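Protein sequences appear in the order of chains Y and H.
Numbering follows numbering that gives the first Met the number 0, in which position 94 of the first sequence is assigned residue number 93; successive positions increment by one, without gaps.
Numbering follows numbering that gives the first Met the number 0, in which position 51 of the second sequence is assigned residue number 50; successive positions increment by one, without gaps.
To be clear, the hints were calculated from the coordinates, so they are not data collected in a lab.
These numbers come from a predicted model, not from an experiment.
Glycine residues also receive a C-beta, built at the ideal position from the N, C-alpha and C atoms.
Some, not all, of what chain Y presents toward chain H, calculated at C-beta under 7 Å: (1) SER102; (2) LEU104; (3) VAL105; (4) THR108.
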Amino acid sequence: MIKRLFILLVLVLFGVMFYNIASNYMEPTELSPLATRYVGKGPEELGAANLVTSVVVTYRGLDTLGEVTVLFLSAAAVGLLLGLSARSSGAEGQPKESKTEASELVQTTVEYLVPIIFLFGAYIFINGHLTPGGGFQGGAVIASGIMLLFLGLPHAKLRHTLLGLLESLSGFSYVLVGLLGLVLAGGFLDNRFLPLGEYGQLFSAGAIPLIYIFIGLKVGTELSAVLENFKGNNPD
Amino acid sequence: MNELLGSLVVLAGSVFLFSAGLGVLRMPDSYNRIQTGTKASTLGTILVLIGLAIYHPAWIGKLLLLIFFILLTNPVSSHALARASHRRHIRLAEETVVDKLEEHETDVAGKKTEVVEGAR
Chain Y
0 MIKRLFILLV
10 LVLFGVMFYN
20 IASNYMEPTE
30 LSPLATRYVG
40 KGPEELGAAN
50 LVTSVVVTYR
60 GLDTLGEVTV
70 LFLSAAAVGL
80 LLGLSARSSG
90 AEGQPKESKT
100 EASELVQTTV
110 EYLVPIIFLF
120 GAYIFINGHL
130 TPGGGFQGGA
140 VIASGIMLLF
150 LGLPHAKLRH
160 TLLGLLESLS
170 GFSYVLVGLL
180 GLVLAGGFLD
190 NRFLPLGEYG
200 QLFSAGAIPL
210 IYIFIGLKVG
220 TELSAVLENF
230 KGNNPD
Chain H
0 MNELLGSLVV
10 LAGSVFLFSA
20 GLGVLRMPDS
30 YNRIQTGTKA
40 STLGTILVLI
50 GLAIYHPAWI
60 GKLLLLIFFI
70 LLTNPVSSHA
80 LARASHRRHI
90 RLAEETVVDK
100 LEEHETDVAG
110 KKTEVVEGAR
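Turn these sequences into a full structure, and let the hints steer you where they fit.
This is the structure in structure tokens:
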């Protein structure tokens with residue numbers, strides 16, 4: 000009885016709280032000063048046709064670096080935990096679950112489709128400063144290609160050393176580009192140490208495409224490593 | 000003229016998509032549902048995209064790529080789905096006359112045991 004009363008009380012309190020928020024809500028009719036600055040000065044300062052990209056990669060570039068770090072940490076944690084559990088269960092000598100082959104039709108399609116998916120992912124992150132999308136999205140598309148590869152060919156193996164090398168190099172280069180911005184231009188992750196180029200062209204917006212390529216490679220390899228860890232049967 | 004023609008083709012595609020939805024509701028077992036969902040929706044989607052290509056001739060390249068992608072993936076994914084449900088022993092409808100995959104798999108299994116017995 001007291002429990003029910005308590006739940007009721009919490010519900011009423013929530014109701015009051017949300018009623019206050021909802022009744023005081025006013026539709027914003029003009030941009031905030033910060034947004035006005037981004038929208039007004041962004042294109043001419045940074046030269047990126049996709050305004051979201053110029054905010055994500057340059058103005059708020061440090062946050063993006065943090066996000067990449069979060070992703071890296073979670074991928075590393077998944078690898079560590081699943082690697083531990085795989086090793087302990089392997090020590091008990093449990094028979095490994097047999098993976099049935101996909102049919103020939105699926106295998107052939109996977110072989111044709113995976114390179115196209117990789118190409119599409121690369122397209123997304125290379126054009127991140129021009130069209131919607133960017134490093135994270137392109138990397139996720141690449142990892143979805145790896146997922147398809149595992150579904151079609153369950154015995155496929157990724158080269159761990161190559162993946163690790165690519166991931167570390169791209170992460171390192173991302174920070175290096177940020178530092179170059181600090182030395183050669185206005186600040187950390189400033190994209191203006193490379194020429195801004197012609198607005199709306201592929202080679203424009205300074206270092207933004209470079210940064211997005213590194214982010215895309217890093218996210219793609221990280222998510223692929225996570226997928227491989229979840230797949231199990233690691234050779235080592 | 001282009002607009003009228005394109006709209007008509009899109010309409011034809013939507014008729015096929017509608018029949019695909021109807022089939023998913025009406026068909027007796029999952030295999031038949033997969034079958035209607037694939038055939039009719041593949042044709043319907045392609046017709047819609049062709050209609051768009053007639054309507055907006057500038058988009059033809061991208062639309063052709065989309066059609067290629069759908070032609071490649073839609074049949075194969077439903078093939079994989081149907082095989083997976085068959086392997087999971089999802090039941091066929093009672094009216095089913097023939098199950099070639101079952102025959103094939105027992106065939107293959109029979110041959111394998113024959114080979115093993117021959118080796119002994």
